[in-house]
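Undergrad: Please dock the two separately framed chains into a single complex, following the hints provided.
Next come the chains, spelled out residue by residue.
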Amino acid sequence: TQLLEQSPQFLSIQEGENLTVYCNSSSVFSSLQWYRQEPGEGPVLLVTVVTGGEVKKLKRLTFQFGDARKDSSLHITAAQTGDTGLYLCAGVAGTASKLTFGTGTRLQVTL
Amino acid sequence: KAGVTQTPRYLIKTRGQQVTLSCSPISGHRSVSWYQQTPGQGLQFLFEYFSETQRNKGNFPGRFSGRQFSNSRSEMNVSTLELGDSALYLCASSLYGRAWGNEQFFGPGTRLTVL
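Protein sequence lines, in the order shown, are assigned to chains A and B.
Per the working numbering, the very first residue in the first sequence carries number 1; after that it's consecutive.
Per the working numbering, the very first residue in the second sequence carries number 1001; after that it's consecutive.
Take the hints with a grain of salt, since some may be wrong.
[Said to hold, decoys possible] So the derived label-pair ranges between C-beta atoms look like this: (1) A:K56 x B:R1030: 26 to 32 Å; (2) B:G1003 x A:E15: 25 to 31 Å; (3) B:G1062 x A:N24: 29 to 35 Å; (4) B:R1111 x A:R60: 28 to 34 Å; (5) B:Q1017 x A:G94: 34 to 40 Å; (6) B:G1040 x A:G40: 36 to 42 Å; (7) A:S30 x B:T1038: 22 to 28 Å; (8) A:T62 x B:G1062: 31 to 37 Å.
Derived by calculation from the structure, the hints in this document are not laboratory data.
The C-beta atom is built at its ideal place from N, Cα and C for all residues, glycine as well.
This is chain B alone, in the form it adopts within the complex (with noise of 0.2 Å):
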């Protein structure tokens, strides 16, 4: 069974544009979370998605935005990036979203540097 994948591995942006990041849950899991990845701050919740709805919602400012597509593949998009935008952003699924029991599969990760 193939993994979570992540789509691009890297990318470079300057402050001001937005970015894309797409994640490809593992097949048959209905639940996709994202996180952000700082050496300052750690591994902080953005927000999940089932069933091509938001669940769940972290402490992020509304530039941080996803969605859910119908085959389970979500997308996170940031908008007018900021310097503090620079991270490693994870993507994790599980078959129902519940954390409780339900184990998450983290992808790779994209690691976004804003210059």
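If we strip away everything but chain A, and leave its shape as in the complex, we get (with noise of 0.2 Å):
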């Protein structure tokens, strides 16, 4: 079984403050997918990152996949309050057609 685990699981922080989210496996994904949630609401695409050590930006939010494919980070600078969500990174092995998604890091921004 392919385990993703998330750090930290929450959060609280003021807006302006800068955060990373680190998600590690044991296993190697051929491709990574981080999401964030919203309350009543499905997981909605935030990046997928294919290439080992590739970084990726997104305005103020920037993920990077790890050398081995291993593990990935997000980062997000200048926190805002619309930043509020859980955040889920999400792996896929091989051409296997499902996700294995991460434990989840629920973030708080706070003014």
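TA: So this is what it looks like as structure tokens:
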């Protein structure tokens, strides 16, 4: 069974602060996705990283895929209240058509 | 383009009953995947259907089943409900179903409560 552990589980910060969320596994993934889920809604895809060492930026969000394709990180610069939500990483192994989701990081950004 | 729709949004059942949840994918999408989300276990994959065939299955008991129709709409059924089946059931659709390189679009989910 492939497991994706996210840390921290919970994060409460003030607007303007920076933060990093980690997603770690002992398994290799062919790609890794990050989602954000808000209450009462399904997860929404933020980014897909495919190549080991890849870095992708989405405005204030920076995503990195580990060189060995076993881990990933999400860094948010100058967090805003709109960033509040549940952040989920999800990995794809080989050509399997199912996503293995991480344990999730609940982020709360306050004024 | 309309998003993924799931019905009903909320459902309350009692132990031992059965339930059917429905998912309408985005028009043109042929793959539908189902996930169970609980506070303790997180998001877990149930199964995936592509062109009316189950292509992938997670580690859930046989009480959980599904099907897909020719118009790509999908249903999942849970028989003999248990308290532990209380969860948010999410449906996701994608064009070809291969998660790598194909974005999955999630519906808002059906919140099932088993009493």
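Undergrad: Please go over all the hints and tell whether each is borne out by the structure.
TA: For each hint, the structure was consulted:
| no. | hint | result |
| --- | --- | --- |
| 1 | A:K56 x B:R1030: 26 to 32 Å | holds (28 Å) |
| 2 | B:G1003 x A:E15: 25 to 31 Å | holds (30 Å) |
| 3 | B:G1062 x A:N24: 29 to 35 Å | holds (33 Å) |
| 4 | B:R1111 x A:R60: 28 to 34 Å | holds (31 Å) |
| 5 | B:Q1017 x A:G94: 34 to 40 Å | holds (38 Å) |
| 6 | B:G1040 x A:G40: 36 to 42 Å | violated (20 Å) |
| 7 | A:S30 x B:T1038: 22 to 28 Å | holds (27 Å) |
| 8 | A:T62 x B:G1062: 31 to 37 Å | violated (44 Å) |
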